[in-house]
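Please arrange chain E on chain U, whose structure you already have, making use of the hints.
Sequences listed follow chains U and E, in order.
Sequential numbering of the first sequence, starting at 895, is according to this note's numbering.
Sequential numbering of the second sequence, starting at 1223, is according to this note's numbering.
Read the hints as simulated data drawn from the structure, not as lab findings.
Be a bit skeptical, because a hint or two may be false.
To be verified - A few chain E residues facing chain U, derived, Cβ under 8 Å:
1. Phe1225
2. Glu1229
3. Arg1230
4. Glu1232
5. Leu1233
6. Val1275
7. Thr1284
8. Leu1286
9. Gly1287
10. Asn1372
11. Leu1598
12. Thr1599
Unchecked claim - Within a straight-line C-alpha distance of at most 27 Å, the following computed DSSO-like cross-link-like pairs (lysine-lysine) qualify:
13. E:Lys1497 x U:Lys1096
14. E:Lys1226 x U:Lys1133
15. U:Lys925 x U:Lys1130
16. E:Lys1497 x U:Lys1131
17. U:Lys948 x U:Lys1077
The structure presented is a predicted model; accordingly, all values stated were derived computationally and were not measured.
In this text, a Cβ means the ideal position worked out from N, Cα and C, and glycines have one as well.
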Amino acid sequence: MRTIVCIKPVPDPKHWNRLALDPKTKTLIRKGIPGTINPLDKHALELALSLRDKQGGEVLVMSMAPPDSGPVLNEALAMGADRAILLSDIAFAGADTLATAYVLSAGLDKLGEFDLVVCGDQTIDGGTAQVSAQVGEFLGVPNVMHVTAVDVTSSGSWLIHSQIEHGYVVVEIKPPMMLSVLKEVNEPRYVTLMNILEAEKKETRVWSSNDLELEEPWIGLNGSPTCMVDLFVPEKKNKAEFLAGEPREQAAKLADRLHRSGFC
Amino acid sequence: MDFKFSEREELLRKSIREYAEKEITPRMEAMEETGEFPVDLLKSMGQMGILGVITPPEYGGTGLGHLARIIVLEELGRVCPAIPMALQVHHMCTYVFNRWGNESQKKKYLPRLCAGETMGVVAVTEPSGGSDVAGMQTTAVLDGDKYILNGRKCFITNAHHSDTWVVIARTGEGGKGLSAFVVETSFPGAKVGRKEHKVGLRGANTGELSFNNCEVPKENLIGSEGQGMMVAIQDIVECGRPGMASVALGILNGVLEQAAKFANERTLYGKSISKLQGIQWPLADIYSDLEIARLLTYRVGWMIDQNIECATESALAKQFACEAAARSARKAIEIHGSYGIMKEYPVQRLLRDALVAIPAGGTAEIAKLVMARQALTMFG
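Excised from the complex, chain U in its bound form:
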């Protein structure tokens, strides 16, 4: 079985209190904020590793990211991935989800056949939850989102549990496929000290735009139809209002206030 896990380096949530927005460019100032694997991508990697533990095969991680993303890929290798591919080129800068998915799918095409491409349902920085579906479309394989469980049956088809509003659906698919997972799918393993040492022996390849079959109008800022209108930090307001009266009166006042505010 061959699984490729798409991961994204994101600013470590433990340091989010230090994050700021550049008022001019409307981009995150990431300087000095350590990167980490997007948390849901860790669940995707765990899914790939646990499938490999049972079925054998190979797990690769792929990321489209700046060249200094080595530590994040190394963390994925230390979790147990066999090798890593970093798609990195200044030409990829400014990519929205579509341009990102296009480059990722070009990287996946170059890698050849696979059974599964998997990633987290969404990232904690962008949070669009679009890339997995877009990659699935570019690759022309079945794509299931919000995955909470995967069962590989003896017939060779896979039963994919996908969360929907008020319940879940089970989809039966034969590989290859593209999945994006929710945290309910598993509990990611820890990086052990032994695996940190093992990871140092594993290979990370860097592919630039020259290594991939790409059409220039589809990559980077030029290939990104998304237009950011504005991005801002919401104003912090510590405003508390106490509702007087007996509990029944307070509840009525609260319900009225919520109704007038358009919440219910």
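Frame of chain U; chain E shown alone:
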């Protein structure tokens, strides 16, 4: 001079932090109440490589070294200082086997210790005192193919969760008459005694060991007869003191976090108390203590890995870091006001933990003697 941690060390810190936050945090309340180490975590600690961090891979460890050990202990201690207290003694036990054990002892004991099948113990201190190593009274008399041990050891960390004890006992006269042995709980005459009830570091078990005509096979002598003092001292210099300094680093991390969080959240006179200089001064003191203790402790880890003699530096790191932890914890309590002495707030526990760390692994006074000797020699 490069003060930057390597990518390996950064990843190590991150992985241990994740492990500690997820696995240890939920057990802290029970540890505090029962005074018990969470032995159910030993297996996963073994799988993580925490227990064998200074043991070579051929004996079940990772051989990452002493700087890595300090990172591991600091990160565990950031969440719960009692954990590195217990583990640093466990490491002291593995250190003795690594450095002085023969091949058969290494093969027999180290893989089990690294896998977490048992905890390690080093028993030096006796009821008559721990600082006067040369004055210890536990005896070991050779009788055919066995040594017969008689005596009592006290304040022994991990005593109740270990079946593998490194014991220092007297085989001759004076400081050169001490020898090190590995004693198993199952040996006739070996007994685990009372459990101590400490005010701090409660999740690290402390107890008593006694030897009543305890029969120890001759092959369980570690090194050679008369090497016991060297084993004890070197173990304290390269493992015990840096280990306790790391426990203190964990405490200091917790102290700074709690103090800063409280200062940011607490409002008085209509504004955050963090705006008051009366709060900022002690906060700056705590920050300084943490940073200085870090530099001193990590230097020792690096020196050990480079095979550089570090008895004085190790004593300094231990003494400074443990006392810094106690004075910083007190300042954090003062920042908290009356909340600081309420059990719901962790700062009171951190002060209790720091107070226990000061005499553990060698008292502050003995560490100061080492430093004073060095100072006098420099200009003598």
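Each hint tested on the structure:
1. Hint status for E:Phe1225 relative to chain U: violated, with the closest Cβ pair at about 16 Å, above 8 Å.
2. At about 5 Å, the closest approach between the beta carbon of E:Glu1229 and any beta carbon in chain U falls short of 8 Å, and the interface hint on this residue holds.
3. For the restraint placing E:Arg1230 at the interface with chain U, the shortest Cβ-Cβ distance is roughly 6 Å, inside the 8 Å limit, so the hint holds.
4. With its C-beta approaching chain U no nearer than about 7 Å, E:Glu1232 sits inside the 8 Å limit, and its interface hint holds.
5. This hint holds: E:Leu1233 has a C-beta 5 Å from the nearest C-beta of chain U, less than the 8 Å allowed.
6. This hint holds: E:Val1275 has a C-beta 6 Å from the nearest C-beta of chain U, less than the 8 Å allowed.
7. The beta carbon of E:Thr1284 is positioned within 8 Å of a beta carbon in chain U (closest approach about 4 Å), and the interface hint is therefore held.
8. Here the hint on E:Leu1286 is kept, as its CB sits about 6 Å from the closest CB of chain U, short of 8 Å.
9. The closest approach between the C-beta of E:Gly1287 and any C-beta of chain U is roughly 11 Å, which is over the 8 Å cut-off, so the hint fails.
10. The interface hint given for E:Asn1372 is violated, since its Cβ lies 40 Å from the closest Cβ of chain U, which is over the 8 Å cut-off.
11. This hint is violated: E:Leu1598 has a C-beta 41 Å from the nearest C-beta of chain U, more than the 8 Å allowed.
12. Residue-level restraint check for E:Thr1599 is violated (minimum Cβ-Cβ distance to chain U is 39 Å; threshold 8 Å).
13. Proximity of E:Lys1497 to U:Lys1096 is assessed by CA-CA distance (about 50 Å); at most 27 Å being required, the pair is judged violated.
14. As the CA atoms of E:Lys1226 and U:Lys1133 are separated by approximately 43 Å, the hinted pair breaks the 27 Å bound.
15. With a CA separation close to 23 Å, the supplied pair U:Lys925 and U:Lys1130 stays within the 27 Å bound.
16. Simply put, E:Lys1497 and U:Lys1131 have alpha-carbon atoms about 18 Å apart, close enough for the 27 Å limit, and the pair holds.
17. A distance of roughly 20 Å separates the Cα atoms of U:Lys948 and U:Lys1077; the hinted pair therefore holds under the 27 Å criterion.
Consistency note: the structure conflicts with the earlier hints numbered 1, 9, 10, 11, 12, 13 and 14.
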